[in-house]
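Listed in order, the protein sequences are those of chains P and Y. Numbering (the numbering used here) for the first sequence: 1 to 184. Numbering (the numbering used here) for the second sequence: 1 to 472.
Derived by calculation from the structure, the hints in this document are not laboratory data. Since the model is a prediction, treat every value here as computed from it, not as a measurement. Even for Gly, the Cβ is constructed at its ideal location relative to N, Cα and C. Some clues are possibly wrong.
What the hints assert, rightly or not - Cut-off 30 Å, straight-line C-alpha distance, at most; resulting in silico cross-link-like pairs (DSBU-like, lysine-lysine):
1) P:Lys-61 x Y:Lys-222
2) Y:Lys-418 x Y:Lys-350
3) Y:Lys-222 x Y:Lys-34
4) Y:Lys-418 x Y:Lys-71
5) P:Lys-39 x P:Lys-61
6) Y:Lys-350 x Y:Lys-34
7) P:Lys-31 x Y:Lys-222
8) P:Lys-39 x P:Lys-161
9) Y:Lys-309 x P:Lys-161
10) P:Lys-39 x Y:Lys-222
What the hints assert, rightly or not - Now the in silico label distances, taken between C-beta atoms and shown as ranges:
11) P:Glu-178 x Y:Phe-48: 22 to 28 Å
12) P:Ala-144 x Y:Thr-417: 52 to 58 Å
13) Y:Asn-294 x P:His-33: 29 to 35 Å
14) Y:Gly-159 x P:Arg-96: 19 to 25 Å
15) Y:Tyr-154 x P:Pro-63: 28 to 34 Å
16) P:Ala-144 x Y:Ala-415: 16 to 22 Å
17) P:Arg-96 x Y:Gly-52: 52 to 58 Å
18) P:Gly-76 x Y:Trp-351: 46 to 52 Å
19) Y:Pro-145 x P:His-33: 56 to 62 Å
To be verified - Partial pick of chain Y residues on the chain P-facing surface, computed with a CB cut under 7 Å:
20) Ala-29
21) Thr-32
22) Trp-170
23) Thr-196
24) Gly-216
25) Ala-221
26) His-223
27) Thr-229
28) Leu-234
29) Leu-243
30) Val-248
31) Ser-341
32) Met-342
33) Arg-370
34) Asp-405
35) Trp-411
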Amino acid sequence: MTATAHSHEHPIYGLMAELSSADALIAAAHKVHEAGYRKVDAYTPYPIEEVSHALGHHRSKLPIIVLIGGVCGMIGGYLLQYWVAVLEYPINIGGRPLHSWPAFIVPTFECTILGAALSAVLGMFALNGLPHPYHPVFNVPRFALASRDRYFLVIEASDPKFDHDATRRFLLDLNASEVTDVAN
Amino acid sequence: MATPDDGAALQSPEKPYKVPIVAPGHTTATVTDKISAVVQSRTPRWWFIGFGISFLLLMMFLNSVTWLLWKGVGIWGINQPVGWGFAIINFVWWIGIGHAGTLISAILLLLRQEWRTSINRFAEAMTLFAVSCAGLYPLLHLGRPWLFYWLMPYPNTMGMWPNFRSPLVWDVFAVSTYATVSLLFWYVGLVPDLATLRDRSRHRFWQVVYGFGAMGWRGSAKHWHNYETAYLLLAGLATPLVLSVHTVVSFDFAIGIIPGWHATIFPPYFVAGAIYAGFAMVLLLSIPLRVAFNLEDFITLRHLQNMGKVMLATGMIVFYGYMTEFFFAWYSGNHLEQFTSMNRILGPYKWHWFGLMFCNGVAPQILWMRRFRTSPFWLFVVSLIVSVGMWLERFVIVVTSLHRDFLPSSWGMYAGTKWDWMTFIGSMGLFLTLFFLFIRFLPLISIFEMRTIVPGTKGEPSRGSEMTEVPQ
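Okay, chain P solo, but in the shape it has when bound (with noise of 0.2 Å):
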């Protein structure tokens, strides 16, 4: 799904409809997905749960991703003092056991969080494709106000259903205010 590849089959990036408000774009979504358009994708000023259902867009893989980030902190961390205290640098002191596993219990915890947290912000970017900073919407001057108060749904041209001409009165009879083409 390279850019390059998919500038030469078609030459635009799909069609952009704008609606005025969250109603009418999750409307909208609705209708797109039951048409059957799968190449499909809203933009908001503010996250819309009901829009990404109404697209049918999956669960996030991200819970799993951040689940082995914390376990590979927890585990990685643990192993790290048993290591050093046990094998590496043994140091006896009266006699006390080298194995102190309550006293690793605090590093390994915020192990534990750091891991986490990293795969996290990383997961999210990552499944996201960010950093992205070129991207075919951005051609549409009016898409700036996707970051303030209006609303965007996007067919791209390669959904097999993309017809220029139908598409888009498609999509001026939900509402749009107004549908562009989207230049590559």
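Chain P is already provided as a structure; the job is to place chain Y on it using the hints.
Chain Y in isolation, oriented as in the chain P frame:
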């Protein structure tokens, strides 16, 4: 929903419980415009004055740190028997202040306290800057701060490793994790707002600068989906973390066998004290900010009153902690514990102790009265007193426990030198300089989260648009 009544109530200190968390009449567009205007309009004159003073204080800090590096910790008042002094007092004071930011951004998010939305961004920034100030102190106290990296476990030619059984090493892990996670949380929250600033900037330079920070954020539904999950998970992770950090800080004392430190009450009462001090600082920052930037619509009397209530509650917990310490000193039957406790009240540092009792125990009690709790002026005054009180608390804990050692022949007195004071006041300069830069270049209220709480938007159910009345 907004009623005409709400507008009047906003102005009326008599009925602050009727004040909505966002003034009526705001939409997603107006909150965006109003908050970004703070960043994108001309720099007000007071900003230069405030920044200038802060920067001078920062220079004083650099000056005293330079002299410290040149001469060593002998320029400070520390000696036997009080080896911890200002550096540790200030470390605990600053890191405690930081805790309110994480509490607001993480714990109140999980508890679905919508009012947190207006204050979480700058409270998180406060956390970050307070932790930066805090983190410097133990390093400067090391004696040879340039070898600070010896604290971290890394393979080295000396063949040495940190002692993981020491609370001081736990502290390294706790504070560095806390700083990292706070930074991540703050940055993740900023990304959509940086995209807003990028889209609004007219000058190419700012488009590029904010664009870098926004990393190409475009508000896609797929992105928001992962984003909300990440945000919630980070809140869930930051919650136990913030409670652990001050717990570990209290272990620095409680694990030691010094009378006056060796107490199991320390972790919970340190955490409560941290939140107490932190909310005082959030109030000290938000009361001038809302006036200076004309943000009374977003930081309403309701926010101030809620913060006052949190302060009152945590203040009572802290006071209970003080009383418990005395009770257990008596109940333990240990004469050294009993001596240390009586020495706090009657010894040479008794005025510090009485000051602490007044600042943390007595003064905040006026917040029981709605008239004071809803007055920005009185909240500001109480917050100042509490900040002083929390500093005195750490002074009393650190100094009075150490200055009369087990043997009277090793007793001594402690006082900060001018370098101690310059470093302390200078670190406020570091904090304020960073804060002034923050309010000038980044949105001090989370724009995208504010959009979810204005009427007529489809946020998550938990962040709906109702402006409920608080039952009294």
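Against the structure, the hints:
1. This hinted pair checks out: Lys-61 (chain P) and Lys-222 (chain Y) have alpha carbons roughly 12 Å apart, not beyond 30 Å.
2. Of the pairs offered as hints, the one joining Lys-418 (chain Y) and Lys-350 (chain Y) holds, with about 22 Å between alpha carbons and a cut-off of 30 Å not exceeded.
3. Of the supplied pair hints, the one linking Lys-222 (chain Y) and Lys-34 (chain Y) holds, its CA atoms being roughly 28 Å apart against a limit of 30 Å.
4. The straight-line distance between the Cα atoms of Lys-418 (chain Y) and Lys-71 (chain Y) is roughly 14 Å, inside the 30 Å bound, and the hint therefore holds.
5. The hinted pair formed by Lys-39 (chain P) and Lys-61 (chain P) meets the criterion: a straight-line CA distance of about 19 Å does not exceed 30 Å.
6. For the given pair, Lys-350 (chain Y) sits about 50 Å from Lys-34 (chain Y) by alpha-carbon distance, which is inconsistent with the 30 Å threshold.
7. In summary, the hint linking Lys-31 (chain P) to Lys-222 (chain Y) is supported, as the alpha carbons are separated by about 18 Å, within the 30 Å threshold.
8. Pair hint Lys-39 (chain P) plus Lys-161 (chain P) holds up; C-alpha atoms about 9 Å apart against a cutoff of 30 Å.
9. Annotation: proposed proximity of Lys-309 (chain Y) to Lys-161 (chain P) is violated, straight-line Cα distance about 58 Å (limit 30 Å).
10. Under the criterion of a C-alpha separation no larger than 30 Å, the hint pairing Lys-39 (chain P) with Lys-222 (chain Y) is consistent with the structure, at around 12 Å.
11. Take Glu-178 (chain P) and Phe-48 (chain Y): their Cβ atoms lie about 43 Å apart, and the range 22 to 28 Å is violated.
12. A hinted range of 52 to 58 Å holds for the C-beta pair Ala-144 (chain P) and Thr-417 (chain Y), which are about 56 Å apart.
13. One distance hint, 29 to 35 Å for the beta-carbon pair Asn-294 (chain Y) and His-33 (chain P), is violated here, with the actual separation near 43 Å.
14. Between Gly-159 (chain Y) and Arg-96 (chain P) the beta carbons are some 22 Å apart, a value that agrees with the proposed interval 19 to 25 Å.
15. Distance hint for Tyr-154 (chain Y) and Pro-63 (chain P): a CB-CB separation of about 32 Å, consistent with the stated range 28 to 34 Å.
16. For the hinted restraint 16 to 22 Å between Ala-144 (chain P) and Ala-415 (chain Y), the CB-CB distance of approximately 59 Å leaves it violated.
17. Between Arg-96 (chain P) and Gly-52 (chain Y) the beta carbons are some 56 Å apart, a value that agrees with the proposed interval 52 to 58 Å.
18. As the Cβ distance of Gly-76 (chain P) to Trp-351 (chain Y) is approximately 49 Å, the hint placing it in 46 to 52 Å holds.
19. Between Pro-145 (chain Y) and His-33 (chain P), the C-beta spacing of about 59 Å keeps the proposed range 56 to 62 Å intact.
20. Interface hint at Ala-29 (chain Y): satisfied, since its Cβ lies 4 Å from the closest Cβ of chain P, which is below the 7 Å cut-off.
21. Annotation: Thr-32 (chain Y) was flagged as interfacial toward chain P, and the flag holds, the nearest CB pair being 5 Å apart, inside 7 Å.
22. Contact between Trp-170 (chain Y) and chain P, as hinted, is supported at the beta carbon level, the nearest pair being about 4 Å apart and thus within 7 Å.
23. Annotation: Thr-196 (chain Y) was flagged as interfacial toward chain P, and the flag holds, the nearest CB pair being 4 Å apart, inside 7 Å.
24. Given hint, Gly-216 (chain Y) at the interface with chain P, holds; its Cβ is 4 Å from that chain's nearest Cβ, closer than 7 Å.
25. Evaluation of the Ala-221 (chain Y) hint against chain P yields a held restraint, the C-beta minimum of about 4 Å falling below 7 Å.
26. At about 5 Å, the closest approach between the beta carbon of His-223 (chain Y) and any beta carbon in chain P falls short of 7 Å, and the interface hint on this residue holds.
27. The restraint placing Thr-229 (chain Y) at the interface with chain P holds, with a minimum CB-CB distance near 4 Å, inside the 7 Å limit.
28. Interface restraint check for Leu-234 (chain Y): the shortest CB-CB distance to chain P comes to about 5 Å, inside 7 Å, so the restraint holds.
29. Given hint, Leu-243 (chain Y) at the interface with chain P, is violated; its Cβ is 11 Å from that chain's nearest Cβ, farther than 7 Å.
30. Using the Cβ-Cβ criterion of 7 Å, the hint placing Val-248 (chain Y) at the interface with chain P is satisfied: the shortest such distance is roughly 6 Å.
31. For the restraint placing Ser-341 (chain Y) at the interface with chain P, the shortest Cβ-Cβ distance is roughly 28 Å, beyond the 7 Å limit, so the hint is violated.
32. Residue-level restraint check for Met-342 (chain Y) is violated (minimum Cβ-Cβ distance to chain P is 33 Å; threshold 7 Å).
33. With 7 Å as the threshold, the beta carbon of Arg-370 (chain Y) stays out of range of chain P, its nearest partner Cβ sitting at about 34 Å, so the hint is violated.
34. About 23 Å separates the beta-carbon of Asp-405 (chain Y) from the nearest beta-carbon of chain P, more than 7 Å, and the hint is not met.
35. Of the supplied interface hints, the one on Trp-411 (chain Y) is violated, with its beta-carbon coming no nearer than about 30 Å to a beta-carbon of chain P, more than 7 Å.
Hints 6, 9, 11, 13, 16, 29, 31, 32, 33, 34 and 35 from the list above are not met by this structure, while the remaining hints are.
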